[in-house]
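Trainee: Sequence:
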Amino acid sequence: MSVDTQIFQAINWFARATPWLHTPMLIYTTYGVVLFAALLLTGWWVARQQPDPRVMAAAVWAPIGVLLAVGINQPIAAAVGEVRPCRALSNIVVIAPCGTDSSFPSDHAVMAGAVAGGLVWVTRRALAWVTVTAALLIALSRVYVAAHYPQDVLAGLLLGAVVSVAGYLLVRGVLTRLIIALQTTVLRPVVTSAPAAADPQAVAGPVSG
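Note that this note's numbering has the sequence shown beginning at 1133, numbered continuously upward.
Incorrect hints may have been included.
Pairwise CB distance ranges, derived in the manner of DEER restraints [to be verified]:
#, residue 1, residue 2, range
1, L1158, Q1206, 18 to 26 Å
2, P1321, H1154, 25 to 33 Å
3, Q1206, A1328, 41 to 49 Å
4, W1145, L1199, 50 to 58 Å
5, W1177, V1306, 19 to 27 Å
6, L1153, A1328, 47 to 55 Å
7, R1320, A1169, 18 to 26 Å
8, W1145, R1257, 33 to 41 Å
9, R1180, L1153, 33 to 41 Å
10, P1207, R1180, 33 to 41 Å
11, A1298, W1177, 20 to 28 Å
12, L1153, W1177, 29 to 37 Å
13, P1207, P1183, 35 to 43 Å
If you are wondering where the hints come from, they were derived from the structure by calculation, not from laboratory data. All of these numbers come straight from a predicted model, not from anything done at the bench. Note that beta-carbon positions come from the ideal geometry of N, C-alpha and C, so glycine has one too.
Given these sequences and hints, build the entire structure.
Mentor: Take a look at the structure:
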């Protein structure tokens, strides 16, 4: 038995011993995506209050990074074709409906890692901690309900975060210039709450590619 399976079995034993957690975990693992959507909206709202347009560029990139990361994960999961533990293992507690698609990497974890990686650039420490905590909990919930092995969610978190962070670093300059340009249009209230007299270029300094 691999170390990954042993860790899964330990978490599954914990699930068996905590029936009172089954419903909360099932609800979170099923509908947690709503929380991450709310976190992305919060990131945009926080970015509007910041004088540096690079912060809004990060908030704009965050949902794009999520879609990109999940898209990249699809062919990887199809190529790996790992059977989910709820189908591969016997005598375990299965809390959520067992999917037939590949287990590795976890789409939920990829999404969560990408949101965390995208919002880390939005300068509010509390928001970053909430997002990281939510990402770790969604990863744990996927193992708890027997939908994934631990390696599936760890790989998903890493893939999502790397794609989101690397993508932002690549497009930061272009997005920042776009945000500065939008501040001179009717879309200004969407990208900043600062008075129209403010000079975003002066606040941000030179924009690097």
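Trainee: Decide, hint by hint, whether the structure agrees.
Mentor: Results of checking the hints against the structure:
no., hint, verdict
1, L1158 to Q1206: 18 to 26 Å, "holds (25 Å)"
2, P1321 to H1154: 25 to 33 Å, "violated (45 Å)"
3, Q1206 to A1328: 41 to 49 Å, "holds (43 Å)"
4, W1145 to L1199: 50 to 58 Å, "violated (36 Å)"
5, W1177 to V1306: 19 to 27 Å, "holds (23 Å)"
6, L1153 to A1328: 47 to 55 Å, "holds (51 Å)"
7, R1320 to A1169: 18 to 26 Å, "holds (24 Å)"
8, W1145 to R1257: 33 to 41 Å, "holds (36 Å)"
9, R1180 to L1153: 33 to 41 Å, "holds (37 Å)"
10, P1207 to R1180: 33 to 41 Å, "holds (36 Å)"
11, A1298 to W1177: 20 to 28 Å, "holds (25 Å)"
12, L1153 to W1177: 29 to 37 Å, "holds (32 Å)"
13, P1207 to P1183: 35 to 43 Å, "holds (41 Å)"
Taken one by one, the earlier hints fail for this structure at numbers 2, 4, listed in ascending order.
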